[in-house]
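*Asks:* Residues per chain, in single letters:
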Amino acid sequence: MKRITRITLVLIGFCLLSFQSFAQETFPINGVKDSRDGHYAFTNATIFKSYNQKVEKATLLIKDGKVEAVGAGVTIPKDAVVIDLDGKFIYPSFIDLYSNYGLPEPKAVGEKPKQQPQSLSNKKGAYSWNEALHPEFRAFEHFEADKKKAKEYISLGFGSLLVHQMDGISRGTSTLVLLGDEKEHKLILKDNVAHHMAFRKGKSTQNYPSSLMGCIALIRQTYLDAQWYIEYGYKEEKNISLQAWNDVQNLIQIFETDDRLNAFRATKIGKEFGVNYILKGGGDEYKRIDDLKATGSAFIIPVNFPAAYDVTDPHDAELVSLADMKHWDLAPSNASALAKANIDFAFTTHGLKKKGAFLENIKKAIKNGLSEEDALKALTHTPAQLIKAGDKIGSLEKDKVANFIICSGNIFGKEGKILHNWIRGNPTILKDLDYPKLNGAYQLKVGRDNYLLHVKGKATKPEFVIQENDSTSIKVKHSVSNKLISLSFNPNKEANNVISLSGSIADKKWSGAGTLGDGQWVSWTANYIGEVPKKESEKKNLNEKKGNKEETEKLVSQVLYPFVSYGWAEQPKQETYLITNATVWTNESDGILEDADVLIKNGKIAQVGKGLSAGGATTIDGKGKHVTCGIIDEHSHIAISRGVNEGTQASSAEVSIADVVNSEDVNIYRQLAGGVTTSQLLHGSANPIGGQSAIIKMRWGYTPEQMKFENADPFIKFALGENVKQSNWGDDFRTRFPQTRMGVEQVFEDHFTQAAEYKAKKSSGKPYRKDLEMETILEIIESKRFITCHSYQQGEINMLMKVAERHNFRINTFTHILEGYKIADKMRTHGAGGSTFSDWWAYKYEVIDAIPHNGAIMHEQGVLTAFNSDDAEMARRLNQEAAKAVMYGDVSEEDAWKFVTLNPAKLLHLDNRVGSLKAGKDADVVIWSDNPLSIYAIAEMTFVDGIKFFDRKDDVEKQKQIKAERARLIQKMIAAKKNGDKTQTPMKKHKHHYHCDDIHDEMH
Amino acid sequence: MRFIILSLVFLVTGQFALAQQTPAPPQTKGIVVSGATAHLGNGEVIENSIIAFENGKFTVINTQAVGQGFDGFETIDATGKHIYPGFIAPNTQLGLKEIDAVRSTRDDREVGYLKPHVRSIIAYNTDSRVTPTVRSNGVLLAQISPTGGRIKGSSSIVELDAWNWEDAAYSTDDAIHLSWPSMFRRTGWWAEPGGIKKNDKYKDQVRDINNFFKEALAYTKKTKVESKNLKFEAMRGVFNGSKNLIIATNAAKTITEAILFAKEFDITPVILGGKEAWKIADFLKTNNISIILSNTQSLPSNDDDHIDQPFKSALALQKVGVPFCFSMGGAWEQRNLPFQAGQAVAFGLDYEAAISGLTLNTAKILKIDKTVGSIESGKDATFFIAEGDALDMRTCKVTKAFIRGKEIDVDNKQKALYRKFKAKYENDKK
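Sequences listed follow chains A and B, in order.
Be aware that the first sequence starts at 1, since it is given in the numbering used here, and climbs by one per residue.
Be aware that the second sequence starts at 1, since it is given in the numbering used here, and climbs by one per residue.
To be clear, the hints were calculated from the coordinates, so they are not data collected in a lab.
Where is the CB? At the ideal position from N, CA and C, for every residue including glycine.
One or more of the hints may lead you astray.
Derived lysine to aspartate or glutamate pairs resembling EDC-like cross-links, with alpha carbons at most 20 Å apart [to be verified]:
1) B/424 / A/825
2) A/493 / A/463
3) B/406 / B/100
4) B/422 / A/825
5) B/312 / A/957
6) B/312 / A/951
7) A/844 / B/107
8) A/623 / A/951
9) B/319 / B/282
10) A/977 / A/313
11) A/149 / A/184
12) A/963 / B/305
13) B/312 / A/930
14) A/388 / A/399
15) B/279 / B/257
16) B/430 / A/825
17) A/148 / A/105
18) B/197 / A/313
19) B/429 / A/825
20) B/420 / A/890
Chain A stretches covered by chain B per the calculated footprint, using a threshold of three residues with CB under 8 Å from any CB of chain B [stated by the list, open to error]:
21) 563-577
22) 819-830
23) 928-941
24) 955-966
25) 978-988
Using the sequences and the accompanying hints, generate a full structural model.
*Replies:* What follows is the structure in C-alpha cells.
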C-alpha cells in the first residue's frame, strides 16, 4: 500500500512532462538527451488481454510504448518500474472509428451565386466537376493534434481514433491516430486507412445533386467514370479526383448512412460495384435488424439515445409520435439487437451532443441487454478488426501498442472509474490510483475545544462535516494532498470565528497546528473513533428508489414493421379467401356481376363467378358489398425519401425514384384504406427530362425492395411547360436552359440526338465512357423505357409527340394532360394515353383552359384514359375522382371505374397482372361498403397479393393499441422526468408531402 | 393582352357562351317547383314537396299531398330530383384571385400586419371565370375573405350572380379575420420548405394582438375623434357585435387561448380551421363557440392520428352540440365544397346535418340566417335543383339554380369548352 502512494506522486510528474524517450528522431535536441525506455510492470491487476480474455492477478509488462508481455505468470524484470494494481482492472484502450478530431473545419470553396443554378464546381484545378466529390483529400496531410479535444477522448478511455473530414459525398481518406499531445509524427499510426462516403453534399454550394436519388446517381456515375479513367480516360484528360478515387478503392470503404433505409441504399450501390461498405449507422438498426443482417454489413453505431420528451402537458404530448416515443424506449437496446443478430459493430461517440455521456450510454445499452463482453468487443476488438489494425490495437498482446486504461473496478460496473489512460506507454492521469480512505467519525480536538468530525461520501470526493447533534451539522472546507490536510470551519455561524487547521494525516490519527478566529495559534488532533452511523431515513429512501426503478423498466416496446404508427407487430400472411354474394366489378367482359363470389388463393385470383366453394378458405360475407380490383395510381409522390426532384439540370435521366423508396411512410397505410394497391412513384416536374420512376405495391411493412412491383417495365418522368421553364420560381432562376417552350423542344431534340450518337459510339467497339444519363435516354429511343410526361397545353403536347415520332418511338403517357381534350385525336393517332386530374384548374396560367370533362372527351376519342392523384390526400379517394367522370362527362360507371384501375394498369403495362378481377391475376382486391364510385363508399378490406393488408376491424384494434402504447410510454416518460432524467420539449414534426414542383435541396 | 386575344378568338368562332355568364334579371313571376325531395337546410326533409316563391322569397313549402292552386305560376316538375338551399362558401378567395400562380390576378393578400381596414368587397371580381364553375355545383353565396398578415382584413358576403360588386354584396364587411399565431412555425419557402421550429415570438405576437384590441376598444369609446384612425374605425363593429370576429387557428391550445382572449373583450369569436376542435368540444360548447371547419378531405395532422380523423371531426362536434359549418380554402376549389360535407356523411354524420353545415348553420355563423340559408317561407328563394344527391359526385348534377328567385345561368366556361370540342370531334367524323 505504501508503495502505491509513492508511485502516485511519480505518475503525476509524468502526466505533466510526458516521456522524452519517444521524441522524433529527426528533431534537434535542446538540452541533453533524455532517453527512457518506459519499462513498466503493472502487477496484481485483473487484465482483459482482449474483450473475451480476462486474467486475474495478472501482470502487464510494457516497454518502449509496446506490450512486452501480459498474463498471470509474467516474470517481472528488475529494471521495470513496478506498479501494484491490486483490485484494479486493465482494459485495452477504446477505439473510435468515426471522428473528425484534429482536422480543419470544412469550408465551402467559393460562394453560392445568386443566379441559380451553380452547375459546376467552384474548385480551381484539375478536380472533379462536382464539388461534393473530393477523394483526393487525405486526412493525414491535414492532421493536427488538438490537446483539448484529445483530453476529452482520453478521459473516456479512448487511445486511438480513425479521423476523416466529414464533408461531402466522397470525403477522401481517413487516418488512424493516437491521442495525446505529442508531435503528429508520433501520433499518426497509419496514414491512409479508409475511404469515406456519405449521402451528404456538405459544404458544396453546387446545386447538383439536390436530392438523395441524385446523390446516388452521382456515386454510380463516379464509379463508372473512374473505371473509364483508368482504362482510357487518362489519355484524354487529367483528373486528380478520378485518379484519387481509383487510388482509394483498395482501402476500406466506410459509408455514413444515418438510418436503416439509407443502409439498404448504400449496400445496394456496394453490391453493384463489388464494394463492401462498413456502414456508419443511425442507431436505429433494430427497426429492420433481419434485413440489415442479410446485407452482411458491419456497422459503426452511435449511442446518442434521445432524451425523454416532456409530456406532462397532454396537448403537447400529442405532438410526439408513437414512433419517436418507442425509439426513446428502444434506442438503448439497439446494440443488443445487433449483437443478438451476430452483426459486427463498433461504437462511436459521433452524434453525442456531449461526449461525456458516452460511457453512461454504453452502460445503458448493457442494461438493455448487451453483454459486457460484447460491449468491450465493440469498443476494442471490432473497430480494430474492421480497419485491419488488429495487429496494433484492440487487445493487449506482445508487440502491440501499449494502449490501455486502468480502472478502479469493472468499467461497466458502478464503481468502475477510469483512473489512467496509457497511450503508447504514455500515461494520462485522470484520477489518482488510490485515495486515502478517510471516511469515519473522528474526535477533533482544537486547542481546548472538542468537535465530532464526520467524513463521508466517496473516497474520491469526501464530505467533511462537524456534527453538532443528530440533525445539525457544519460544513468543513477541506483539501487533502498526499499526506497533508487543511481544514476550515466556523463553529459559530453568526460570528466571524473561522477556525483554520493545517496538518498531516497518518493512519486514523491526524495532527497539526492552526489558528482560531482571533488569530491565536493552537495545535489540533483528530482521532478515528469508528464508522459514521447511517441515518434510518437514508436507508429507507435508498430501498424505495431501487424498487421504483425496477418497476418502470419492466415493459419494453415491441418493434413495429414499419416502425411507425399503424405498423405491424406481426405481419399478415397470405391466406385463401372466398368473398361471397357481392357485387363484383370485374373490369372484364363479364362487367358487373351481382351476387357473385371471388376466390383468392396463393396470392392470385383463383376464380370469379357464382356459387364458388373452396375448402379451407376464410369466407367473407360480401352481401351488400362491392368487390373490385385495387386502385392503381399512375402519378404519386408518396413514400419517397429526401427529394422528389433533381431539377438542377435540364436532364436528370440518370436518377431514379427506385433508389429512394421510403417504406416507412404512413401514407402507404392511408392509401390502403382508400383501396389503392399499386402506385407509380414519379420524379417531379422541375426539368424537361426528369428521373426514372418506381412502381410499388402497397405492401405495408415490407422493405423498399420488397415493395417494388416485380418485373415491371421501366418508366421515366418528362415534363413540359411552366415548371420546366421555371416560370414560377422567382427572379433568381433565369439562367438554366430552357426558359421558354421553344427551348424545351430543343432539350429533347438534343438529348435524343446525343443518345443516338452514344449508341453508335457504343456499338463501334471503341472505348467509351459509360454515361448513365445517356444509357437511360437510349432505352427510351429504343422503346425499352417509357415516358410519362407532365403536360398541360396542347401545343407542347403535340410538340413532344412530333419529337418522338422523328426519333421513331412513342410517348406512352401524358400525365396531367389538362388540354388533352383539344388534341385527343392526335394523341390517339400517336398512341399516347392520358392520365389526368378529374377537375383541377386555375392554379396557374397554363391550366386556364382545363375542364373537368377532359377525361370524358379523351376516353370518347379512344385515348386510354386514367385519373391520378399527384397528391397524398387525394390518392386515398381516387374512387371519388373516378366518379367525377360520371358527374361531368357522363362516362358510364363501369368505364369511369376503369379510369383508376384497368386503364392505369394498361398505361403501366401491368394489365397482365393487375387492373381487373380475372382468374390468374394478382389478388389485389378491395371490398367496398357501397358502390365504389360513391362518396359514401368506404374500403373495408384491401388485399395485395392475397394478403389482407387493411381491414377496418383490425384498424380499430390498431387504434386501441396505439392509444394504449402511447399512454404507457407517456407514463414512463413522466416517471423518467421525475427520476431526474433530462427531457426535451415536444415539437411539431414537419411532414412534407411531395408534389411535382417541390425543388427543396435535401442534400445538405 | 392574352385575355383580350382569347376573347377575340371566342367572338370570331361564335362561341359566345365562352364569355362570362349574363347575370339573371329579377324574378317577375311566381314559380312553383313540385315533386322533389326538399332538403330544407334546417334538418328537415320533405319528400314529394311543393315549393313556391314569388318576388324572390319563398312563399309555400309543403308536401305535394296538401296541394294548392298556383294560378299564373310557372311550374317546374322536379319529380325524382332534390332541392337544396344554396350552399354558402365561407372564407374563400373567389373573385379575389383568378389564377393562383399569376401575380397580376391575385388581389387577396394586402401587405401589412394589422389591417382590419382592408376590405375585400371592392376587389371582388364579379366577372371571374371561376365563379360560374363553382355555382354550377350549388354554391350560390360566398364569404369573400382576404388573406395574409395577423389581422387579414374585412370580408363581405356576396351572391354569386351580379353585374358589379355593389349588386353582389349581401352582407358588407361582415367580419374581421384574425390569424392567431401558431406555437410552431415552418421555416423555408414554398419550394424549399424547412423544418418546424418552436415559435419563440408566440407570446409577443399574442401581446401585440391584445394591445391592438385594447387600443382599438379605447378609441371606440372616445366621445370625439380628433384624428381618425382607419384601423380602429374598422374595429368598431367587432366591439359592438355588428361584425363577426373570425379567428383562424387549428391547435387545441391556440383555439383555447384565442377564445379566452376574445372573451376579455366580450366578443364571442368564430373559429376558422379548427382541426383539433373536436379535442376540446366541451370547452367550445360551454363557451358558445361555432367552428368553420377547414377541408374535411385532408390528411391527419400527425402520424398517430387516426387515418380518418379529418373525416370524423364534424361528427364529433355534432355529438357534443358545437355548431359548425364546412369550408374549403382557395377559389376554384369551392366547386368541391359540397363533397367536404359528403365525406363527413360517409363517416357517420347525419345527412341533413351535413346539409345544414353547408346552408343554415353557415348562415347562422355568418349572421345572415334571418334572410337566407334554409328553405323557409319569407326567406330568399336562393336554392338549386339537382338530379341526384348533391353531396355525392356519383349522382350530383345541378340542373337549375335560383338566387333570390332569379334563375341563374348554370353554364360556365368549362362546359362551353366541352361543347366546343365535342362538336369538333363530331364534325371531324362527318
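*Asks:* With reference to the structure, classify each hint as holding or not holding.
*Replies:* Hint check:
1. B/424 / A/825: holds (10 Å)
2. A/493 / A/463: Distance ~19 Å between residue 493 of chain A and residue 463 of chain A Cα, so the pair holds.
3. B/406 / B/100: violated (31 Å)
4. B/422 / A/825: Holds, because 11 Å separates the two Cα atoms, which is no more than 20 Å.
5. B/312 / A/957: holds (18 Å)
6. B/312 / A/951: This hinted pair holds, its Cα atoms lying about 18 Å apart.
7. A/844 / B/107: holds (15 Å)
8. A/623 / A/951: holds (17 Å)
9. B/319 / B/282: holds (10 Å)
10. A/977 / A/313: holds (13 Å)
11. A/149 / A/184: Measuring from Cα to Cα gives roughly 15 Å; hence the hint holds.
12. A/963 / B/305: It holds: about 10 Å lies between the C-alpha atoms, which stays within 20 Å.
13. B/312 / A/930: Roughly 18 Å separates the two Cα atoms, so the pair holds.
14. A/388 / A/399: holds (16 Å)
15. B/279 / B/257: holds (14 Å)
16. B/430 / A/825: Holds, at about 14 Å.
17. A/148 / A/105: holds (16 Å)
18. B/197 / A/313: holds (18 Å)
19. B/429 / A/825: holds (11 Å)
20. B/420 / A/890: Measuring from Cα to Cα gives roughly 16 Å; hence the hint holds.
21. 563-577: holds (count 3)
22. 819-830: holds (count 4)
23. 928-941: holds (count 7)
24. 955-966: Since 4 is at least three, the answer is holds.
25. 978-988: Answer holds; 3 residues pass the 8 Å Cβ test.
Taken one by one, the earlier hints fail for this structure only at number 3.
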